[in-house]
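Undergrad: What follows is each chain in one-letter form.
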Amino acid sequence: MTVHSGSAPASAEDAIDELYRAHALGLVRFAVMLTGDRVTAEDVVQEAFIGLYRRWDRIRDHASVLPYLRTAVVNGARSAHRSRKRAGLLRLPAEPPAWSAEAAALDGEDRRAVHAAVSRLPRRQREVLALKYYLDLAEHEIAAILRVSRGTVSTTAARALASLSKQLKEES
Amino acid sequence: MTRIEDRLRDYYEVRARAVEADAIRPSVRPAPGRSRALPRLRTLPRRTLVAPLAAAAAVAAVSITAVALGSANHPGQTPPSLPAGGKSIAQLVSAGVIPPRFVTITADGGSSYAAVRSTATGARLATIRPSVPHGTIVAVTGAADDRTFVLAEQKLPVTRTASLNIDHGSFFLLRLRSDGTREALTELPVNAGDGVNAMALSADGTKLAIASRLDSGSAELRVYTLATGAVRTWSAGGSGFVGDGLGGPDDAASVSWAADGRHLLFNWVGKTTDEYERLLDTSLGGSSLLADSRLVLTIPSPVGQPLFCQGDVVITPDGSALICPGLTERDPANSNDDTVFFREYSTATGKAVRQLGAWTFYHTDQFRLGALWTNSSGSVIIGVIPTPSQSQSGPTAGPTPDPDVTPSPPPGSSPRIGVIIGGTFTPLGLPGVTSGVW
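Chains as they are written, first to last, in the working numbering: chain G, 1 to 172; chain B, 173 to 610.
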C-alpha cells in the first residue's frame with residue numbers, strides 16, 4: 001500500500017478513505033482468521049482505521065501504514081478475543097455456523113479438519129500461521145507486526161505446523 | 173512446501189473468499205473533536221464489605237446539574253420465591269445477607285443510562301441519564317455501603333465497535349439515600365485521559381483505581397484520592413496491560429479492591445496474552461506495576477482442561493481469597509452440556525481452597541459467566557451463569573475435583589443473575605437484567 005505524494009489526497013480523511021477502500025476487505029479477511037467470526041473482524045478493522053485517524057499526524061511514513069494496520073488488527077483481535085473470553089464467550093467457534101457463507105465455503109472434510117485443528121492452536125501460533133500462509137509475509141515482516149524476534153516467529157511457526165501435523169494425522 | 177502447508181494455504185484462501193467485498197461496512201470516522209474509538213456499553217462489578225463513606229462527600233461539585241437524574245418505580249416485577257440457603261431473596265436482603273440495591277446500565281438507542289434497582293424486586297429506584305444528548309454512561313463501580321457509586325460517562329454515542337476503552341471520560345460520584353433515590357451527583361476531578369479500560373472504587377469510597385492502556389504501548393494503573401485529587405501511578409512497559417474490564421455489560425472486574433483500601437487485585441495480560449492475577453499493596457512505595465506487585469495466580473488455558481478464573485473475578489473483602497468462575501467444556505462425543513463452576517483460591521498461595529458449586533448448561537458458544545459480588549467469607553456470592561439445567565453440585569472442601577455433574581439436555585443458555593449459597597443457585601428474578609454492580 002502506498003500513498004503517492006504526487007497524487008496525494010487533499011486531506012487525511014481522504015487518504016484514509018482511500019486506504020480503507022483499498023485494504024478493508026483484505027484486513028477483514030485477515031481478521032476473520034484471527035477472531036473466528038466476521039462481525040468481530042469488521043469491528044476490529046473499523047477500530048484499526050479509527051486508530052489510524054487518530055495517529056495520522058504522527059505517522060511519518062504514510063507509505064508504511066499497512067504494517068501498522070496489520071499490527072492494529074492483531075492487537076484488536078487479541079483484545080476482542082480476550083473481552084469475549086472474560087465475558088464468558090470463551091471459544092473461537094470450532095466451526096462457523098451452519099448457515100454462514102464461511103461454512104458453505106469450508107466444504108469437504110479436509111478443510112473442516114484443518115479449520116478445527118487451527119482453531120485449537122494457541123493464539124500466537126494462529127497469528128503466525130495467518131500472517132505467513134494467508135498474507136504470505138516474510139518472517140521479518142511477521143516479526144515486525146507481532147513485535148517479536150524473527151527467531152520467535154520461526155519457532156512458533158514450526159511448532160504450529162508440528163501441532164497441526166499431529167492433529168490432522170490423528171484425525172485422518 | 174509440505175502437504176500441511178498446502179492444506180493451510182487452501183484453507184485460508186477458501187475461508188477468505190467467503191468474505192465478499194460488497195458486504196464490507198463503509199468506513200467510520202471518529203466524531204469531531206474525538207479521535208478515539210466508540211465504546212460498547214460497559215459495567216464493572218463492585219467490591220464489597222460495608223465500610224464508612226469518608227471523604228468522598230468532600231469532592232468538589234463540578235457538574236451536579238449536568239446529569240439529569242430521575243426516579244421511577246416499576247413494581248411490576250415480583251420477588252422470586254425460590255429459596256437461597258433456606259431463605260427467599262427478599263429475606264436475604266432484609267437480613268442483610270446481600271445488598272439491597274444495585275446499579276445496572278441499559279442501552280437506550282444510541283445512548284445508555286444507569287438505573288438503581290432493588291435487589292429484592294428489581295424495581296427501578298432511580299435513573300441516571302447522560303449529561304449530554306448523545307453521551308453514554310459506560311461504566312459503573314461501587315463502594316461497599318450500597319449508596320456510593322462512580323459512573324463513567326463518555327460524550328459519544330454507543331456504536332458497535334471493538335473498542336474496549338473510555339476516552340475523554342467524565343467520572344461522577346453518585347450518592348444514594350437509604351431509599352435508593354439520588355442524594356448527590358458530583359463530577360469528580362479525575363482527568364484519566366484516553367485508553368481507560370478498567371476502574372474500581374474502594375470499599376470506603378475514597379479511592380478510585382483506573383487502569384489505562386497508553387498509546388506508547390505501556391500500561392498504567394492510577395489511584396486517585398477523591399477528596400484531594402491526588403494520584404499515584406504504577407506503570408509497566410512492553411505490550412502487557414491490565415485486563416480489559418470494559419468490554420461488555422457483563423464484562424470483567426479487572427481491578428478490584430480489598431476492603432482495607434490498600435490491596436488492589438488486578439488482572440494482567442502478559443506479552444504472550446497469558447493472564448495473571450496480581451496483588452498490589454498501594455500503601456508501599458514504588459511505581460512499577462509488576463515489580464511492586466505480587467503474582468497470585470497464573471491462569472492457564474490448556475486445551476481440554478477446565479478453564480478457571482474466566483469471566484468476572486472478585487476478591488473477598490478481607491483480601492484472603494479470589495472467587496473465580498470457570499468452565500469445563502463438554503466432550504463433544506459424549507455430551508451436549510458444558511459445566512460452569514465457582515471456586516475459591518487463596519491469595520496467599522494461589523491454590524484452590526474449595527469449590528462453591530457447579531451447573532451444567534446446554535453447549536453454546538456464547539454465554540455469560542461471572543462473580544459479581546461476594547460477602548466477606550465467600551460463602552455468599554452473587555453471580556451470573558448461563559441458565560442451568562436441573563442438576564447441580566454443592567461446595568466441596570479441600571482439593572477441587574472436576575465438577576461432577578449429570579448432563580441434562582434442555583437447550584438455552586440465557587444468562588441469569590442469582591445468589592449462590594451452599595452450592596445452590598437462586599435466580600434473582602430480574603427479567604432482562606443480566607448485569608449489575610452491587
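If you are wondering where the hints come from, they were derived from the structure by calculation, not from laboratory data. Some hints could be false.
Claimed, not checked - Here are a few chain G residues that face chain B, going by a calculated C-beta distance under 10 Å:
#1 Ser79
#2 Val118
#3 Glu139
Unchecked claim - Here are some of the chain B residues that sit facing chain G, going by a computed Cβ distance under 8 Å:
#4 Ile176
#5 Arg181
#6 Tyr184
#7 Val186
#8 Ala188
#9 Val191
#10 Arg349
#11 Asp351
#12 Tyr448
#13 Asp464
#14 Arg466
#15 Val468
Glycine included, every Cβ here is placed at the ideal spot set by N, Cα and C.
Undergrad: Each hint should be assessed against the structure and marked as holding or not.
TA: Okay, the hints, checked on the actual structure:
no. : hint   : result
1   : Ser79  : holds (5 Å)
2   : Val118 : holds (7 Å)
3   : Glu139 : violated (14 Å)
4   : Ile176 : holds (5 Å)
5   : Arg181 : holds (5 Å)
6   : Tyr184 : holds (4 Å)
7   : Val186 : holds (5 Å)
8   : Ala188 : holds (4 Å)
9   : Val191 : holds (5 Å)
10  : Arg349 : violated (33 Å)
11  : Asp351 : violated (33 Å)
12  : Tyr448 : violated (13 Å)
13  : Asp464 : violated (24 Å)
14  : Arg466 : violated (22 Å)
15  : Val468 : violated (17 Å)
In the structure shown, a violation is registered for the earlier hints numbered 3, 10, 11, 12, 13, 14 and 15, in ascending order.
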